[in-house]
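Spelled out, the chains give:
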Amino acid sequence: MRLMRILPASIVSLILFFLAFPIVVVAIVSFSSATYLTFPPPAFGLRWYEAFFSNPDWLKPTWVSIWVACAVVVLATFLGTLAALGIARLPKALRVVAAGLILSPLIVPGIVVAIGIYYAYSRYGLVGTPIAMVLAHTCLAVPFVVTSVTASLSGIDPRLEQAALSLGATPGATFFQVTLPLIQPGVLVGALFAFITSFDELIVALFISGTGAVTLPRRMWDDLRFQIDPTIAAVSTLTIVLTAALMGAAHFLRKRAEQNRMATSSAAP
Amino acid sequence: MTVAGMNGAGPGPIGRGASVTLSDLEKTYDRTSAAAKAVDGVSLDIRSGEFLTLLGPSGSGKTTTLMMIAGFETPTAGDIAIDGKSVVAMPPYRRNIGMVFQNYALFPHLTVEENVGFPLKQRGVPKAERAKLVAEALELVHLPGYGARYPRQLSGGQQQRVAVARAVVFKPRLLLMDEPLGALDKQLRENLQLEMRRLHADLGITFIYVTHDQEEALTMSDRIAVMNDGKVAQVGSPEDLYDRPDNRFVAGFIGESNFLPAVVRGLEDDVVVAECEGTLIRALCPGRPASGERVTLTTRPERLRFADGTWAGTEPPQNRMSVTVTEAVFAGERCRYMLRAGDGTSIVLKEPSSAAIRRRAVGERAEIAWSVADTILV
Amino acid sequence: MSEVVQPASLALAVSRPKTAPFDWRRAVPLLLAAPLLVYMLVFYALPVAAMLLRSVNDPSWTLANYAILFEDVVFQKTFWITINTSVTVTLGCLILGYPVAMGLVRAKSMAPFILVIILLPFWTSVLVRSYAWMVLLGRHGLVNEALIALGMIERPIRILNTPLATQIAMIHILLPYMILPIANALRQIDPSLIRAASGLGATPFMTFRQVILPLSMSGMAAGTLLTFVLALGFYITPAMVGGPRDITLSMLIAQQVDQLNWAYAATLSAVLLATALAILAMARKLPGVGNAFKTSMR
Ligand SMILES: Nc1ncnc2c1ncn2[C@@H]1O[C@H](COP(=O)(O)OP(=O)(O)O)[C@@H](O)[C@H]1O
Ligand SMILES: [Mg+2]
Chain A
8 MRLMRILPAS IVSLILFFLA FPIVVVAIVS FSSATYLTFP PPAFGLRWYE AFFSNPDWLK
68 PTWVSIWVAC AVVVLATFLG TLAALGIARL PKALRVVAAG LILSPLIVPG IVVAIGIYYA
128 YSRYGLVGTP IAMVLAHTCL AVPFVVTSVT ASLSGIDPRL EQAALSLGAT PGATFFQVTL
188 PLIQPGVLVG ALFAFITSFD ELIVALFISG TGAVTLPRRM WDDLRFQIDP TIAAVSTLTI
248 VLTAALMGAA HFLRKRAEQN RMATSSAAP
Chain B
-3 MTVAGMNGAG PGPIGRGASV TLSDLEKTYD RTSAAAKAVD GVSLDIRSGE FLTLLGPSGS
57 GKTTTLMMIA GFETPTAGDI AIDGKSVVAM PPYRRNIGMV FQNYALFPHL TVEENVGFPL
117 KQRGVPKAER AKLVAEALEL VHLPGYGARY PRQLSGGQQQ RVAVARAVVF KPRLLLMDEP
177 LGALDKQLRE NLQLEMRRLH ADLGITFIYV THDQEEALTM SDRIAVMNDG KVAQVGSPED
237 LYDRPDNRFV AGFIGESNFL PAVVRGLEDD VVVAECEGTL IRALCPGRPA SGERVTLTTR
297 PERLRFADGT WAGTEPPQNR MSVTVTEAVF AGERCRYMLR AGDGTSIVLK EPSSAAIRRR
357 AVGERAEIAW SVADTILV
Chain C
1347 MSEVVQPASL ALAVSRPKTA PFDWRRAVPL LLAAPLLVYM LVFYALPVAA MLLRSVNDPS
1407 WTLANYAILF EDVVFQKTFW ITINTSVTVT LGCLILGYPV AMGLVRAKSM APFILVIILL
1467 PFWTSVLVRS YAWMVLLGRH GLVNEALIAL GMIERPIRIL NTPLATQIAM IHILLPYMIL
1527 PIANALRQID PSLIRAASGL GATPFMTFRQ VILPLSMSGM AAGTLLTFVL ALGFYITPAM
1587 VGGPRDITLS MLIAQQVDQL NWAYAATLSA VLLATALAIL AMARKLPGVG NAFKTSMR
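Chains as they are written, first to last, in the numbering used here: chain A, 8 to 276; chain B, -3 to 374; chain C, 1347 to 1644.
Only chain A is shown next, with the shape it has when bound in the complex (with noise of 0.2 Å):
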């Protein structure tokens, strides 16, 4: 009886170690001392985050990586957003197919994404460019933000639009004065799904940032190539405290947005 409580706990606990575990230990590698990588570290010490912070080839490719993610978030959450709103009204068939094509990067393979930007974007030129990678980041990170923002304007209630406009609001003031703050909290999750995708993403980058837009991920692909140094510990560890940071507050959002609109919808069913 005890065994059947216990044994289905401990079988859980090992897989959510197995799920944890590596990350961890790049955490625990990062703080490494030694010159070499191997774990459990002989001693700790921030040397491979100096290594990381005084190296400009690992510096330029962060800021690279930063600019291109905060353009598409810029890009990626203005036409999303605009999109999310018309796609909510058109007819049936119209969204279905409007909604395939903005979704579909999240089901196309990566690596068909990706040659496929590369053979169309090399004819014009704009391989090595941030403005490619900005331009085919977009593509990839809209998907997000279209779907958020869809979430949260499936929740609003119509008749609230219709209340601002019997009190005199015009469109476009019902839209920048009610509809706009009623989904912010989708299009900042949708903001940030964005700035991940990007920061992260690295099949389109190996094929379209040639020598001249080198990102974070790109740079660390090529290192991993020739050697497995602690510093992409280091930046690794950085990265994963960033994105977590960025997805937990990304939740947290969610989370408050649904708690408010149930707190109003419940008071008056």
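Hints should not be assumed to be uniformly reliable.
Claimed, not checked - Chain C regions said to be covered by chain A (calculated; three or more residues, Cβ under 8 Å): (1) 1381 to 1391; (2) 1459 to 1466; (3) 1470 to 1481; (4) 1597 to 1603; (5) 1618 to 1624.
I should point out that these hints are in silico values taken from the structure, not numbers from a laboratory. Keep in mind it's a predicted model, so treat the numbers as computed, not measured. Cβ coordinates follow ideal geometry from the N, Cα and C atoms, glycine included.
Using the hints provided, position chains B and C with the ligands relative to the given structure of chain A.
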């Protein structure tokens, strides 16, 4: 350049309410299928300053009618005129009509103050002026001091009052309300019904109120338009509808009614004599039915009495019928009897309860009586 | 002229000139979606389509490139490895994911903690997770050291750069995609059903077999299909931790592009894409999967 809807805002005395004319209004949502019309030829003259209620069962087209007046739905046919001017082509934000939604539709991201100030902001009312008007409006609905709260921090009843304050703060001359009390419990609903009446008297503007609750409609309205299947079944004062229903639907929907099948035997001035269960019954009748025509007579259960009872100083009523008691229920203030007439028609009778009145037993034979004025041919 | 200043596109939504021949309000949603649709066409769909076109028009219109695949040993081996890896990984995810999903749904105070452990790898880039497995599985990596310390082996064995490494790393990466849909399905099972079953004398195992398992089938199907389709397209992980000879379809495609062999790369891409789409099309036929899919994609 003018700002939309500015004319009604600002300080100063409130003008009289708007008059609203609906002419042959029709609405079909789905033109492709042969679906029934949601609103089917509604014509109504709503007078300035009137409290008019649209009453009807769910799906009878009340909300659709209201939405067309507010401008959220376009009529398929017919016209809507406010103060004699057609508004069909006018977008909702220019109509200057106050509206209270069933779930209140308060903006969850704005405070009470910002919610109530919203229509003023749209009209470019300066901040200081806005604060004053908002405070007045909150005073009007007995919610002073709640301005800084968010809607989710208020109870259902309080949210409802905020919605009313927001709908009247810009001094519209017409206020539309779609089942504004539907989500509240009975006690609160009754309090707020009285407050709505008071508000109507204070503001002097036209109210169009939608409800499916006949008691609410009877309590609050100057006039009621009963709707059924997208059509207006009858328009009239609460007394009109209750005492003189035009048709079987209205008689059945408002209050409880007995329906007696009968055959017309003759006419005496504006009273029709009809044969029912072998006895002659006299009924009020606006038309002139032919002799021999099959008709239905209706009468209210509380207007019937046992014929051997007392008649508080008046003449015993003219209409009489012999019945058998089939069921007797004591319900506090009233006794409710199910009776069966000679050939099986059931009749309900409600009698004020009193320890002094003998209660009838099941199976007992009795004679009931009621007055001609309480008998309508429908 | 309108007297009210307002953004043009939104103004169209409500103002309706009485005699307008064309109802502009109908066009507003399309106008809002149009910029993104055009963008996606120009920078994504047309490029991919143009590339895929190379499989049938290089040098002239022909299906020869596809016909060759039937005799192409390299392709067939690669295709088989890809399918084999995807199946293994999907099964591994199903076996490991189901208990975790149940644990997540059953857990009360621990649930947020479990969720974070599931989501943490989910939020970490594929590159970093593949790197983590390089660290763990290398010749002097933790796994080898541990096995030696336990006396199970005498000297380091080769794990990194074998199919096993690819499978382990891919299971690690794809596990959350399996757990979340199953947990979703389990969460929707009415707890009173389980109480009813045990009230009727079913043992916990019988309850699981006859109540929980069938009712979570839609979540399992959704998780399985999602995992499988994603596994088909994996590139970075097999390239980093896999064996030099265990080439997946994605890797073969990349190789061909490096050699500027566009017609062949395009043909392979079309096959990969068609396989993925075929599986998704099948998925939509299964009852309940469509919904489970939608909720888990969020
Ligand atoms: N947006 C809509 N689309 C299609 N049919 C509708 C819509 N709104 C209402 N209807 C239909 O129109 C009829 C009248 O509805 P409504 O006006 O809401 O009635 P009420 O408010 O009296 O309950 C109903 O049959 C309803 O199903
Ligand atoms: Mg209604």
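Taking the hints in turn, this is what the structure says about them:
Against chain A, the stretch 1381 to 1391 of chain C contributes 9 residues with a C-beta closer than 8 Å to a partner C-beta. That satisfies the three-residue criterion, and the hint holds. Check on the stretch 1459 to 1466 of chain C: 5 of its residues sit with their Cβ under 8 Å from a Cβ of chain A, so the three-residue criterion for coverage holds. As drawn, the stretch 1470 to 1481 of chain C meets chain A at 11 residues by the rule of a beta-carbon pair under 8 Å; at three or more, the given contact holds. Under a criterion of three residues with beta carbons nearer than 8 Å to beta carbons of chain A, the stated coverage of the stretch 1597 to 1603 of chain C is upheld, 3 such residues being counted.
Beta-carbon proximity to chain A at under 8 Å applies to 4 residues in the stretch 1618 to 1624 of chain C; the threshold of 3 is reached and the given coverage holds.
In this structure, none of the earlier numbered hints is contradicted; all agree with it.
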